[in-house]
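Going line by line, the protein sequences match chains A and B. Under numbering that gives the first Met the number 0, think of the first position of the first sequence as 0, with each following residue one higher. Under numbering that gives the first Met the number 0, think of the first position of the second sequence as 0, with each following residue one higher.
These are calculated hints, taken from the structure and not from any lab test. Everything numeric in this text was worked out from a predicted model, so none of it was measured. Where hints are given, some of them may not hold.
[Claimed, not checked] Using 27 Å as the maximum straight-line C-alpha spacing, the simulated DSS-like pairs for lysine-lysine come out as follows:
no., chain 1, residue 1, chain 2, residue 2
1, A, K49, A, K66
2, A, K49, B, K191
3, B, K449, B, K463
4, B, K283, B, K191
5, A, K66, B, K283
6, A, K120, B, K283
7, B, K336, A, K10
8, B, K129, A, K120
9, A, K66, B, K191
10, A, K10, B, K449
11, B, K283, B, K129
12, A, K120, B, K449
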Amino acid sequence: MPRYTPPEQSKVGQIFDIAVVVVAIFVALWLPLKLGLAGAAKSIDALDTKTWDSLGQNATMASIWEKLGYTPETAHDVIRNHFHYIIDWPTLIIMAVVLIGYFVFLFRASDREYREVINEKFEDK
Amino acid sequence: MTAAVETGKTTTIHGDRVSLLRVLGPAHVWALGVGIVLVGEFTGWNFSADKGGALAALIVCWIVGLLYTSVAMIDSEVTSTVAAAGGQYAQAKHIVGPLMAFNVALFLVFAYTMLEVSDAILLGDTIVAKAGVEGLTHNSFIAATIVVLAWLNYRGVLMTLNVNFVITAIAYVSIVILFFSVSPWTQGAVLKLNELVTPGNALPYGWIGVIAAFQFGIWYYLGIEGTTQAAEEVRSPARSLPYGTMAGMITLLIAAAMTWYVCASMMPWEYLGITYYPLWDAGKLSGSPLLEELLFVATLLSALASANGCINDAARAWFSLGRDRYLPSWFSAVHPKYRTPYRSILFLLPIALAFAFIADLNQAITFSILSGVLQYTFMSINIMMFRKKWPLGTIRRGYTHPFHPLPAIVLFCLCVVTFFAIFLGFGSQLIAMTIFYFLISLWFHFYRYKFVRRGDQFTMPWPKPQGY
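Make the full structure from the sequences, and use the hints.
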């Protein structure tokens, strides 16, 4: 099997490739932020009466909140800010398909490339 | 002006071949691993209390500790055998194939760069909180942190990791001092665990909250696998890497347990889950001004050590991509005087700066975790392939991890649980990032790979893998 000789890449080509990677990185990381897709669903379950007791805080907890500079009114939005875990099945299935598809492609395509590497490396052995 | 030419393994300057310097020992490996990770005790892990309550944070501390023990065991075996810069990248290249290696290097670069961003944001926010000056923003502190640490990395790996060893040790000792200062053997005086973590609030969201907490439980230990990036710069990889990595993991398990116990015993879980400075807050609540100041300084030092190690690791992964022509070989240059991958360090600098200004701490941490978990998934499959292609006895291993394939199976299962945990909070981001990796993989496989020399990628003196 003849050894593979890669083409020489021009400087312009190298700069273009770097640009492609940088743009892709920024799009992947920045776009979810820009579209507001990042972050979990959390919302405040408001109470009308804001006392340490109604907020479910015992005397020890209340004293620590006060040491930290909170009152029942200011602590209300922290204590009552809850996650609402709802399993969105279509999104979960999409996520699973995307992840599994990605890894399957990765291993299969890698194996094809790996066989070329091994064949060339061990061609005389 | 120095004329530098990059070749496969080294940079040639006026006819002399220049490579990375082998100057590091086990203590540096420990400093690199623990230095990157220890910041997780000072911030980040506590968001798992927000996700599932204080008890959930403890449960994930142990279970994720198991995940990382598996990572450390697997990594120690493979890296003590594949000792090359790039760590898991070099492993993937020799065991799975070029496309996987390309992806793993990107996982590494993303995980470490976003971790560096998180560290810089934490450092800036901590200084601003301490100063308490109206109108003072964290921007200048973030920029100064990233630029100064990049300069330090540019100047040499030995100095970089010596600095890391000292500041990591100080930060670690501060946790130990805090732990013993609050009389951990006595409940009711300073620590009030029974009154703060009650049967009614221990798991406020039930078991779904425990699973959700995995997302930030990763933060207790994220980055310990970065020890492998130093593979080409340690004097004895077969000894130093397993020793430094396992010692680092033991150190971190102890620190994580102490941190949870003190913090959960000193503040309500609702506050613990949202604060950016749980250990500094514990110092404040102890009533000792000395402890408060110590934990403030330690928070800054842990952030500095982590960012420092991250720049080191991300640059080496990027450098390795250039050296194998997976990316333009321009990145593979080694500095003629300082023997560092200086172009990679400089290239990643503006990317880190940009994200430090557009992402907040929570999001930057999640970006880093996402790439980390993708990488751990790869590692669980990688070790299976490694043992299959080169069974025990066919090549010399620096270290052989016990109980194979149990650690790999545990690691894989815990990665699946963590993906589900990420889905509960950041599912859209996970999909977006995976699509990115998929598209960039297509670009590599169908276009970029044509510039890569085939046989030259396999550099280990091993026999042909079984089945090929």
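Verification of the supplied hints:
1. Between K49/A and K66/A the CA atoms are separated by roughly 18 Å; this keeps the pair inside 27 Å, and the hint holds.
2. For the hint pairing K49/A with K191/B, the CA-to-CA distance comes to about 24 Å; that is within 27 Å, so the pair holds.
3. In summary, the hint linking K449/B to K463/B is supported, as the alpha carbons are separated by about 23 Å, within the 27 Å threshold.
4. The straight-line distance between the Cα atoms of K283/B and K191/B is roughly 15 Å, inside the 27 Å bound, and the hint therefore holds.
5. Taking the CA atoms of K66/A and K283/B, the gap is near 9 Å; set against the 27 Å cutoff, the hint holds.
6. For the given pair, K120/A sits about 61 Å from K283/B by alpha-carbon distance, which is inconsistent with the 27 Å threshold.
7. Proposed proximity of K336/B and K10/A is supported: the alpha carbons are some 25 Å apart, at most 27 Å.
8. Pair hint K129/B plus K120/A does not hold up; C-alpha atoms about 59 Å apart against a cutoff of 27 Å.
9. Distance restraint check for K66/A and K191/B: the Cα-Cα separation of roughly 15 Å lies within the 27 Å cut-off, and the hinted pair is therefore satisfied.
10. At most 27 Å may separate the alpha-carbon atoms for a hinted pair to count; K10/A and K449/B meet this at roughly 16 Å.
11. Proposed proximity of K283/B and K129/B is supported: the alpha carbons are some 12 Å apart, at most 27 Å.
12. Distance hint between K120/A and K449/B is fulfilled; the C-alpha atoms sit about 17 Å from each other, no more than 27 Å.
Hints 6 and 8 from the list above are not met by this structure, while the remaining hints are.
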